[in-house]
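Peer 1: Okay, here's what each chain looks like letter by letter:
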Amino acid sequence: MPDRSQSAAVNRRHFLAAVGGAAAGGATTLPGTGDAAAAPAAEAAKSSDPRVPHTVTLTINGQDHQLSLDARASLLDTLRDRLGLTGTKKGCDHGQCGACTVLVDGRRELSCLRLAVMAQGRQVTTIEGLAPDPHTLHPMQQAFIDHDAFQCGYCTPGQILSAVACVKEGHAGDDDQIREYMSGNICRCAAYPNIVAAIRQAKTEMGA
Amino acid sequence: MGAPVARIDGRLKVTGQARYPADTPLHNLAHGVMVTSTIARGRIRSLDTTAAASVPGVLLVLTRDQAQGQLTAPKFGTGGSTSIQPLNEERIWHDGQTVAIVVAETPEVAREAADLVAITYDHDTPSAGFDASGVEIVDGAGASPMYPEDPKAGDFDTAFKAAPVVLDATYNTAAQHHNPMELFSTTAEWNDGQLTVYEPSQFVAGWRAQLAKQLDMDAANIRVVSEYIGGAFGSKGPMTPRTAAVALAAKLVKRPVRCVCARAQGYTTATFRAETRQRIRMGAGRDGKIRAFSHEGWELTSRPDDYVVGGTETTARLYAYGAVHTKVQLVKADRNTPGYMRSPPETPYVFGLECAMDEMAEKLGLDPVEFRRVNDTQADPVSGKRYTSRSLMRCYDEAAAAFGWQRRLDAGVWKTGAMREGDWLVGLGCATAVYPTQVAPCAARVRLTADGKALLQTSAHEIGTGVRTVAAQTAAQALGLSVEDVTVEMGDSALPAGPVAGGSVSTASVCSAVLKACGAIRDKLYRAATVNSGPPATPESFTLRDGMAVLDSGRSAPLSALLQKLGTTQLEEYAEFAPEGSAPGAVEQLRQGNPGIMGGAKGPVLMYAFGAEFVEVRVHARTGEIRVPRMVGAFAAGRIMNPRTARSQLMGGMIWGLGAALHEMTEIDPRHARTVNRDLQDYLLPVNADVEGVEVILVPETDTEVNPAGVKGLGELGNVGTSSAIASAIYHATGRRLRDIPMRLDTLLQLQQT
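Residue numbers (our numbering), protein chains in the order written: chain A, 1 to 208; chain B, 209 to 962.
Hint data in this document are derived by calculation from the structure and do not stem from the laboratory.
In this text the structure is predicted, and so the values were computed from the model without any measurement.
Hints are supplied without guarantee of correctness; some may be wrong.
Stated by the list, open to error - Reference excerpt, derived from the structure (chain A facing chain B, CB under 7 Å, subset only):
no., residue
1, G62
2, G91
3, F150
Stated by the list, open to error - Cut-off 25 Å, straight-line C-alpha distance, at most; resulting in silico cross-link-like pairs (SDA-like, lysine to any residue):
no., chain 1, residue 1, chain 2, residue 2
4, B, K360, B, K459
5, B, K462, B, K497
6, B, K593, B, A608
7, B, K462, A, H54
8, B, K462, A, R82
9, B, K462, A, G84
10, A, K168, B, K535
11, B, K421, B, E297
12, A, K168, B, D898
13, B, K535, B, D365
14, B, K459, B, E313
15, A, K168, A, E205
16, B, K593, B, S352
17, B, K810, B, E913
18, A, K168, A, Q142
19, B, K732, B, T657
20, B, K459, A, D81
21, B, K462, A, D81
22, B, K497, B, E567
23, A, K168, A, I145
24, B, K459, B, W398
25, B, K661, A, I145
26, B, K724, B, P916
27, A, K168, B, R219
28, A, K168, B, E900
29, B, K661, A, H135
30, A, K168, A, H135
31, B, K459, A, R82
Glycine residues also receive a C-beta, built at the ideal position from the N, C-alpha and C atoms.
With the hints as extra help, turn the sequences into a complete structure.
Peer 2: This is the structure:
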C-alpha cells in the first residue's frame, strides 16, 4: 500500500498531466509566465480551459470506461451522473461527511474531493463492486444487515467501504479504535454502536 | 409482528441499489444550481444574468422575471414550509433566500454560471434573533391551529406564593438543523403535461396537492416519487418552494432537471429547529409534591410565518402539578421559517422542564427518581382526562436498575463531584422522555396471489424507521405468509394515500390500514373455505398459516385452491383507515394534503408514550471536555412491532439527544443575521467517537385504546429528555448548573474561571 506522501505526489503529477496536457511540458510551465515558453503556454492555456473536455479512462470496479469529461468534474459526480453508479452518495460535496467514500487502489478516499481526471490509472472500487458477484455479499455488507447498522441507508455505502478499509489498515483492533477510525463517516440516524458491532463481526470473517 | 426481523430493504441499502430520488436515471437530464441571497433583509436592486447566461451549456437562468405569474406561493400551515415563493419576491426575508436557479448541461457548468449571477441589494438592518432590536413579539396561542391556547389550571400565582420551596430559572435551547445525510434535491420531468417529481419527501400525497396549488394544475397530472429517503427528521415534511420552482424550470427548458442543493443552502432554503428561551417557576411542598408550575416559552420564527411548537402542550400535563400556568410567545426575526424537527415541541420544552425537575429535587433533597414518582399521575392536571396508559415509573425502575443508579444514591444523591476518577469528574443523571401518541388516516392496497405472495402498496414513507419492514411483517402475519413473500411499495403518490412520516404516526397508521385490508382478504378466504366444506367452521378457528388456510383441526386448504374456488387468481383489497374521531372523508382530506393527525392531548383521553433515560458523564477537570460513556433508556410505547428496528430508532434518538446536549447549534451572526456554520465541519454532529455504550430497554406495555395496531410510535421519543439527563449528570459531576444547550467545554472553562 503506498504511503501518504508518495500517493500525494502521484496524484499531483496525474492531475497536472491531465489538466495541463502534454504541451504544458511539466509542472513548472504556467500559462502566460515567461516569454521563452510563449507558444506552449498559449497551448496550455487553451487546453487548460476546464470547459474543454478531457478524454480519460477510468477503471471502476475492474472495468474500464472511456469518458470525455469536464476537468472540474469530481469523481463523485462522474460516478453518479456519467456512469450511473449511484450507490456512491453525495452528503456534503466538501469532504466532511464520508458518504461518498470509495476505495482508490484499496485506500478509502472521498470521491467528492478527487477530480475524476485524477482517477486515471487507479483502481476505483464503489459499493457496487465490493462483493465478488451480484449474488454474494461482502462480509461487511452482511454484518451491516446482521447488526442493523443503518436506518435510512444513505451513509451506508460510504460506511461500508470505509469499514472495509479500516479493517485492512489494521485500525479495527478494538472498539475504541474502530470508533476513532470510523469518525470520518457521519451517520445522522446515529447507528454508531451497531456499526461498531458490524465491523467487529466482519473483521473476524475478513480474516483480519 | 413483534419479531426482530432484519430490514427487508437491507440488502438494497448495503449494495447501493436502494434508489434515493436524486439517483433516478433520466434521459437528457439537465442540472440546476440555486443562487441564494447574501443578505438577510432588504431588496434586490439589480440582478444581472448576462454573464451567467453566456456560459456555453447554460440553458436557463430562472429568476423572478421568468417565473412571474407562474408560481403561486403556498399558504403557511397548509403543507408548505413557508408562505413565500422566493422567485416571486423582490424582498429578501432571510439569509440564503433563493434568488435564481441556473440550469445547464452539466453540474460543472451550472455551478460556474451560478457564480456569475451578479446581484446588488438595498440592505436593511436585520434582526437576527431573541436579543436583537426590531423583533416583533406575538402570542403563540391562536397563531396556528396547532396551538390553539396556552394550557392553564387553577390559580398559579397564589399557589406559587404559598409554596415553601420555589424555583425560578431560565433555560435556553439552540437553533439546530436536521442535516439529514442526503442533500435536499428536486428532480422534475414533464411528459405531455404530466409532471413527475422525484424528491426526498415525508408526505408525497400532500406534496402532490401542494404542487397542484403552486403550479395551478390538476393534481391528477402530478406524481411525486420518494421511494427511499436519506434521513429526514422533519426537514422533508413540509414542501419547500424549490420543488415548484424546479418543476417550472424543467417546463421552461423542456427537459428533466435535477437540482441538488449544496449543503450550505440546506440551512436556509429548508426549515430548522428554532431556538427557544424558557422560564420555569415551580413551587413544591416539603412533601415533594409540586403545587404550582409555570412554563413560559419564547420561540423564534420568521417575519412572514407564525411557526409555533408550543411544547407546553406536553409539559403542562406531565406531572401532578396542582396549579398550572403556561404562555408561549413568538419572536419574529429576519430568519427563514423554522419547521418540524424530531419531537419539535418536546425536545426543547421537556429539556427545560426536566432540568427544573432536577433542580427542584435538589432543593427538596430528594432522589430525582423519587421526586418524579411523588408527582407521577395517571390523569392530566389541566383537563382531568386520563392517560390511556402511562408506564413512566416502570421505565424509571427498569432503567435505574440496569444503569446502576444506586451508585449515585450510595455516594450521596446530591453530593456533587463525589465520584471523581483521577482527572475525570464522573456524574450520573436522569430525565423523563415523553412523546404524544398520534395516528393519521392511511389507505393501503394488498394483493394476494395464488403463488402465496402478497403485494402491499401505500404512499407512506420509509425514512429509515423500518416501517417498510414492519408493514411487511404485519401483512405476513395477517395472511399467514413469510415476510419474504411480501413485497412493499411505498413513497409514490400514485399509490394509495399514506400519512406524513411525521409525529411518529407511520407504524401505527400504516399497520392499522394494512390490518384492515388483510382482514378483508381473510374474510373472503373464510367465505370461500366454508362453501361446501362440511360442518361450518367459526371465523375464530379459521387461520392463515404457512400459505395455507386452516379451517379447524384436520381441515386445511392451500390459498391457490381457495382463490380457484372464488374463480380468481388473486384477491385485492383496498382499505382506508381513519383514526377514531376523524372527520368524515379523512383519507380524501389526506389526498388534499391535510395530514389529519389525531391523538396526544387532542382527544377525549390522553395518549402518550414514556421513557426514562439515565446517563453517565465524565468531565475532564482540567480541559472541561465532556464525554458520555454510557446511556441507558427504558421506553414503554405500546406494542413493539419489531424490537430490532425499534431499538435502533430509540438508540439513534438518544444519540440525537447527546448531540443536542453537547454539540449542535446553528450559529447566527448577530450583526448580519446570517448562518455562520453552514456545513458539516462547523455544525457539530455526534460522530462515532462521541458515542460509547447505549442500552435500550423495551418495557412491555399493552394499550388497545390508542389505535387498532396498539402501537404508540417511537421515532421521536428517544431524543426527548436526553439533554436534560446529561445536564443533570454534568451538575452531579461538577456542581455546575448549565441551563443552556449545547453545553460545551468552553462554558465549563468559563465557569471554572469565575
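Peer 1: So which of the earlier hints does this model not fit?
Peer 2: 1, 4, 5, 6, 7, 10
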